[in-house]
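Chains as they are written, first to last, in my numbering: chain L, 1 to 544; chain Z, 1 to 510.
Think of the hints as simulated: they come from the structure by calculation, not from any bench.
Note that the structure is predicted; figures quoted are calculated from it, not measured.
Beta carbons are placed, not taken as given, at the ideal position from N, Cα and C, and that holds for glycine.
Any given hint could turn out to be false.
[Said to hold, decoys possible] Partial list, computed: chain Z residues near chain L (C-beta under 8 Å):
| no. | residue |
| --- | --- |
| 1 | P412 |
| 2 | F424 |
| 3 | V428 |
| 4 | W433 |
| 5 | A437 |
| 6 | I438 |
| 7 | F448 |
| 8 | L451 |
| 9 | V471 |
| 10 | A493 |
| 11 | Y497 |
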Amino acid sequence: MTQFPFLSVVALSPFVAAVIILMLPKERGENARMIALGTALLGLILSVYMYVDYLSNLPPSGLPWPDTLAFVEEYAWVPSLGINYIVGVDGLSLTLVLLTSIVGVGGVMISWSIDDRPREFMAFFMLLVAGVQGVFVAVDAFLLFFFYEVAVLPMYVMIVIWGWKERREYAAMKLTLYILIGSFISLIAFLVLYFKLPDLGIESTFDMRVWSEANFASAIQIRWFMPLFIGFAILAGMFPFHNWSPDGHVAAPTAVSMIHAGVLMKLGAYAAMRMGIQFLPEGAVYWMPFIIILTTINVVYGSLVAMRQTDLKYMIGYSSVSHMGLVTMGFATMSMLGFTGAGIQMVSHGLMTAMFFACVGMIYDRAHSRDMNKLSGMMKMFPWVTVAFIVASLVSMGMPGLSGFIAEFPIFLGVWEGGDLNLTGTIFGLNPASFYPIVAIIIVLGIITTAAYLLRATQSVFFGNYDADKWHDMRPILALDKIVLVSFSVILIVIGVLPSVIAPIVESGVQPVLMRVQEAQAGYTVFDSVHAIAMTVIQWFGGA
Amino acid sequence: MTPSISLENVLAILPDLALLVLLIAVIVYNGLIADDDDRRNVGLVTAWGAAIILFGMLLLAFIYPDYSMQPTLHWGGMVVAGPVTLSFRAMFLIALMLTALLSLDVPELQRGSYFALLITATIGFDMMAASADLIMLLVALETASISLYLLVGFNTRSRRSTEAGIKYFVYGAFASAIMMYGMSLLYGVTGSTNIAVIGTMVGNAFAGVVPVEIISLLLVSAVMLVAGFAFKVSAVPFHFWTPDAYEGAPTVVTGFLSTASKAAGFAVFFRVFSAGVFGYPEPGRASWAWWAMLVAMCILTMVLGNFLAIWQQDIKRMLAYSSIAQAGYIMMGLVALLKSQGDDVPSAAGGGAAIFYLLMYVFTNIAAFGIIVLVSRKSNSTQMKDFYGLSRRSPWLALAMLVALLSLGGIPPTAGFFGKFFIFQAAVEADLWWLAAIGILNAFVALFYYLTVVKYIYLYRSDDDDVRITVSRAAGVGLAITIVAVLYLGIFANSAYTWAIEAAQNFVQF
Numbered sequence: 001m002t003q004f005p006f007l008s009v010v011a012l013s014p015f016v017a018a019v020i021i022l023m024l025p026k027e028r029g030e031n032a033r034m035i036a037l038g039t040a041l042l043g044l045i046l047s048v049y050m051y052v053d054y055l056s057n058l059p060p061s062g063l064p065w066p067d068t069l070a071f072v073e074e075y076a077w078v079p080s081l082g083i084n085y086i087v088g089v090d091g092l093s094l095t096l097v098l099l100t101s102i103v104g105v106g107g108v109m110i111s112w113s114i115d116d117r118p119r120e121f122m123a124f125f126m127l128l129v130a131g132v133q134g135v136f137v138a139v140d141a142f143l144l145f146f147f148y149e150v151a152v153l154p155m156y157v158m159i160v161i162w163g164w165k166e167r168r169e170y171a172a173m174k175l176t177l178y179i180l181i182g183s184f185i186s187l188i189a190f191l192v193l194y195f196k197l198p199d200l201g202i203e204s205t206f207d208m209r210v211w212s213e214a215n216f217a218s219a220i221q222i223r224w225f226m227p228l229f230i231g232f233a234i235l236a237g238m239f240p241f242h243n244w245s246p247d248g249h250v251a252a253p254t255a256v257s258m259i260h261a262g263v264l265m266k267l268g269a270y271a272a273m274r275m276g277i278q279f280l281p282e283g284a285v286y287w288m289p290f291i292i293i294l295t296t297i298n299v300v301y302g303s304l305v306a307m308r309q310t311d312l313k314y315m316i317g318y319s320s321v322s323h324m325g326l327v328t329m330g331f332a333t334m335s336m337l338g339f340t341g342a343g344i345q346m347v348s349h350g351l352m353t354a355m356f357f358a359c360v361g362m363i364y365d366r367a368h369s370r371d372m373n374k375l376s377g378m379m380k381m382f383p384w385v386t387v388a389f390i391v392a393s394l395v396s397m398g399m400p401g402l403s404g405f406i407a408e409f410p411i412f413l414g415v416w417e418g419g420d421l422n423l424t425g426t427i428f429g430l431n432p433a434s435f436y437p438i439v440a441i442i443i444v445l446g447i448i449t450t451a452a453y454l455l456r457a458t459q460s461v462f463f464g465n466y467d468a469d470k471w472h473d474m475r476p477i478l479a480l481d482k483i484v485l486v487s488f489s490v491i492l493i494v495i496g497v498l499p500s501v502i503a504p505i506v507e508s509g510v511q512p513v514l515m516r517v518q519e520a521q522a523g524y525t526v527f528d529s530v531h532a533i534a535m536t537v538i539q540w541f542g543g544a
Numbered sequence: 001m002t003p004s005i006s007l008e009n010v011l012a013i014l015p016d017l018a019l020l021v022l023l024i025a026v027i028v029y030n031g032l033i034a035d036d037d038d039r040r041n042v043g044l045v046t047a048w049g050a051a052i053i054l055f056g057m058l059l060l061a062f063i064y065p066d067y068s069m070q071p072t073l074h075w076g077g078m079v080v081a082g083p084v085t086l087s088f089r090a091m092f093l094i095a096l097m098l099t100a101l102l103s104l105d106v107p108e109l110q111r112g113s114y115f116a117l118l119i120t121a122t123i124g125f126d127m128m129a130a131s132a133d134l135i136m137l138l139v140a141l142e143t144a145s146i147s148l149y150l151l152v153g154f155n156t157r158s159r160r161s162t163e164a165g166i167k168y169f170v171y172g173a174f175a176s177a178i179m180m181y182g183m184s185l186l187y188g189v190t191g192s193t194n195i196a197v198i199g200t201m202v203g204n205a206f207a208g209v210v211p212v213e214i215i216s217l218l219l220v221s222a223v224m225l226v227a228g229f230a231f232k233v234s235a236v237p238f239h240f241w242t243p244d245a246y247e248g249a250p251t252v253v254t255g256f257l258s259t260a261s262k263a264a265g266f267a268v269f270f271r272v273f274s275a276g277v278f279g280y281p282e283p284g285r286a287s288w289a290w291w292a293m294l295v296a297m298c299i300l301t302m303v304l305g306n307f308l309a310i311w312q313q314d315i316k317r318m319l320a321y322s323s324i325a326q327a328g329y330i331m332m333g334l335v336a337l338l339k340s341q342g343d344d345v346p347s348a349a350g351g352g353a354a355i356f357y358l359l360m361y362v363f364t365n366i367a368a369f370g371i372i373v374l375v376s377r378k379s380n381s382t383q384m385k386d387f388y389g390l391s392r393r394s395p396w397l398a399l400a401m402l403v404a405l406l407s408l409g410g411i412p413p414t415a416g417f418f419g420k421f422f423i424f425q426a427a428v429e430a431d432l433w434w435l436a437a438i439g440i441l442n443a444f445v446a447l448f449y450y451l452t453v454v455k456y457i458y459l460y461r462s463d464d465d466d467v468r469i470t471v472s473r474a475a476g477v478g479l480a481i482t483i484v485a486v487l488y489l490g491i492f493a494n495s496a497y498t499w500a501i502e503a504a505q506n507f508v509q510f
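One chain only, chain L, in its complex shape (with noise of 0.2 Å):
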């Protein structure tokens, strides 16, 4: 029985849709947001059945990673390379395509008002949802490094278009050329663990089921981990290549940045997971107690720089830079907690910053200002954005009862536990384990300055007194943008209240990489490295 192709539709229905929308006449702008509009739901039909199917029936735990893929599709590309378009999702990847699904839509309904070309926003938008569906259902190592070019593009495209006059130029090209020389590293890796495959009798692929069970050699596996992991997390804001998300959430408009901090940073995080730690998990354990160095900077240096900002873009582009720390910190401690609570994040995280990015889009579009020093009173005259603005505010602090808890909690815990990694190596008599719960210590706090930053912003922006004559021309938001706020505040408290409808799809989706991980239990870690070197040195200094 062929079975309907259910993903191909889901990645491939928007690039047909920016075609069809490049072809309209130029007086039909209106119908390309009718045609991008209808696309975007009906990826998400399709990703919200897909979604209850498979968790109406999730693959028993225990099963390798191949098993646990659903409405798998398959068909030759460049045969002669081993490069096949295989398309399939797991647990983990169908969760983000629905929320890409969700963001799209929600997308596309906040720009129906940008006059400017229309048609050539919503295509090069469709084409941005297109190759960010790509990426997560990718099975094709090829197949994944082709959808996130296509992705990339786009954005630039967009931030030099529709993005905000004074930075655009600057922050597109510098997001641009920070994300691809991102991939352009990760791509040597896989082109290297490529010609490596036949050494262990396999012939040469980019099949990831394939790369999913093989076990190269730990000195290859430690020596192209770094490439392949840090080149993808640059897109997920990793610390110290985040410099280019904050200017590019800022300088984009509002639906990119929706679906750049919403979705384009998960897509760094999930390929650096699945390329990184899934294929390479004896270079994953070697390495993370390093990472996750780095990343517990990401978290509490961000927060910090976010509760410097004056204006709000930049505010929530630098917190999310922070929530993303948490993000690659849950995949760095190598244990379920942390694995599942990095996967909600991913979702919880997208959906919130998407709402900020909304809500600040909507008073700037109205106000034409982001400074919280000149805007007070917004309550007055959006209630609405108000309210959306605080249950986002409440679900980034980790707040009990919405999604931030449900995510951020299982990632502390995971922390503070050291992992489940039985980690051998010492740094002068240390153990890497040690210090685990001293990161979690360290990170909490960074969620006290979110709590700071945000409670602040709010009350300087949204309370107040609201200046009538100064915001005498201020029109009301419109009632697109109310069901994108409301439908996105259901999403955010009912994973909250019921993690039931995420966490176990969540977590059959980490479940074949952490038994991955857990069989690479070499223990063998970079600071074994960093103390021999030490070692040597201490010795040559005192031979001599």
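Dock chain Z against the given chain L, drawing on the hints supplied.
Below, chain Z alone, put in the same frame as chain L:
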């Protein structure tokens, strides 16, 4: 061996004979035209002729697969037919057809001699790709070069064009002379001008004990041949003519020069070096020296081309430097192929990747230059500012330019992505991952200046935003072909790549 005229011999050069017929037809037809208004038809005849020859050649190859897939020597070992020849001939014919189509709207090029020269140059390229003998190679290369000198300086009313023609001629003649001297040394050492024969002899020589004088003669000869070829493909340090010639030449000619001529240069580059005329690179042997030189040139070509392109204010000059950088990527295919030929199990990946790359480059670059022709016709200059606000003046041209630039930059879903991917893949396979890394970093630098042009097109405004750009039907068809081909190769790369790899097997087994 006495040359005898057999069916196979005729088949081997049939496309060239057909081009010769086309050339005569164009000259005669041009003579018959009295009214200047009908001069356009000369170009149409050229384009249709090229298309028919291309189609016929592919049909013939399809009917006689043996003829197309086996490399065979003809005309007393002068000409080699086979898939490599066929692939390159297809590129040249495509380039000729598209160039002829895009030339139709340029008033100063509406002369019979222009189209005749285009055809002559194509014949020269064809024979370069088909040559199996140094003498043949030289004659073919000169045929092509002399036509190109004239084409570059064709616009005699423009000082820039004339200057470019002279510059190109002086450099070209000098490079040819050096190459010829290198060939004479090679002949002096081996006593043969046949590339395959020389390859076998030198290969044996390197395997045994060779006097150091012979080795040094061979190395000197290798350097001289590289100089000649590197000039044709504009690789650093023989690239100095490129920006000036590209900028000064009529824009359509620049498109032709940067694609067909480069492809022809690479055809002989691959042909000669992969035949083992100077042995194969193996560490510790003298042949390692010239290979290392090629690697150094490859890196320099990529780096210099890309970094100099960043600063250009004239789009033709920018694309000139970009084409230098592109030559570097193709050279990476060459060095990967040569390195793997020294291995026990040679792999044709480098050659196949280069053939694919050149094919996609023909489409992409002709598209880019074709758009420049259309855009710059009004303003009569090719500064970057002429491209400001192009998306408002002509959304379709802007989109086409976007696709072309993305393909040059190697972003999917365009052919350039696969082109670069195959090249880097071949380099990593030949255990040159560090070279691939340098290439990838360069591709990244290149994106900066390609995206800058995208920015000019879509973001910047110009004073004549409302001046629509009219595209004639011929130019429209030409551009549509290129863009569709770029997108097609960018999504369904398989058939072309499989063909290229099979063809490239002949580099390995030649």
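Checklist entry - Hint by hint, which ones does the structure fall short of? => result 6 and 9
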